[in-house]
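Enquirer: Using numbering that gives the first Met the number 0, the letters of the sequence shown map in sequence onto residues 0 to 200.
These aren't lab readings, by the way, just hints derived from the structure by calculation. Treat the hints with care, since some could be wrong.
As the list claims (entries may be wrong) - Computed list of lysine-lysine pairs in DSBU-like fashion (alpha-carbon distance at most 35 Å, straight line):
#, residue 1, residue 2
1, 94, 138
2, 138, 63
3, 138, 31
4, 63, 31
5, 63, 94
6, 94, 31
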Amino acid sequence: MRLDPFYLIVDSADWIERLVPLGVRLVQLRVKDASREALLEHIRRSREVCNAHGCQLVVNDYWKLAIEEGCDFVHLGQEDLLRADVPAIRKAGLKLGVSTHDEAELAAALAADPDYVALGPIWPTILKAMKWAPQTPEKLNTWRRAVGDIPLVAIGGITVERLPQVFASGADIAAVVTDITRNEDPEARTAEWIAATRRTP
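Start from the sequences and build out the full structure, keeping to the hints where you can.
Expert: Now the structure itself:
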């Protein structure tokens, strides 16, 4: 499966409405601690924008809502993967992305036959406290060999300036959160990411 090398991750439909029209083709909606009603609103607004702009929407965690709302891609962390009904996700036709941080998690992810595998954090990240040390770009090479043809996503501390190293180390896709959402000009930074990843072979 071919996915865009620029993977934007945001926590609201507001961000998706703001940035997807700039040319984003792959975006994850990662909303935390919201009511069902709020989640449905974010999903529906995000799906509308993504459909209008040819962008692939990935819903984080909430696989039941993703099925109910007719979405086509869900991302699960390891704890969510353990609780999820993967056969139900597949029966509904959803594609699946899975987070990994070590070899045991990679084995669990591969057992779910994912449509992409994510490794992180590659560098220190300010997004959330992590119990894992930075994985480093070198570990991407190990994951590349292990996952074969499955798309490999690098996440954690990635900036435009680090993209060449990420892709040279075996990643197909670079995921970004704070380098854009905490930038003083998110639109301009998004444009830089798009331009830089479009140059990737």
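Enquirer: Would you mind marking each hint as holding or not holding in the structure?
Expert: To see whether the hints hold, each was checked on the structure:
1. Using a Cα cut-off of 35 Å, the hinted pair residue 94 and residue 138 holds, with the two alpha carbons roughly 25 Å apart.
2. As the CA atoms of residue 138 and residue 63 are separated by approximately 33 Å, the hinted pair is consistent with the 35 Å bound.
3. Distance restraint check for residue 138 and residue 31: the Cα-Cα separation of roughly 29 Å lies within the 35 Å cut-off, and the hinted pair is therefore satisfied.
4. Between residue 63 and residue 31 the alpha-carbon distance is near 15 Å, which keeps this suggested pair within the 35 Å criterion.
5. Distance hint between residue 63 and residue 94 is fulfilled; the C-alpha atoms sit about 13 Å from each other, no more than 35 Å.
6. Between the alpha carbons of residue 94 and residue 31 the distance comes to roughly 21 Å, so the proposed pair stays at or under 35 Å and holds.
Checked against the numbered hints given earlier, this structure breaks none of them.
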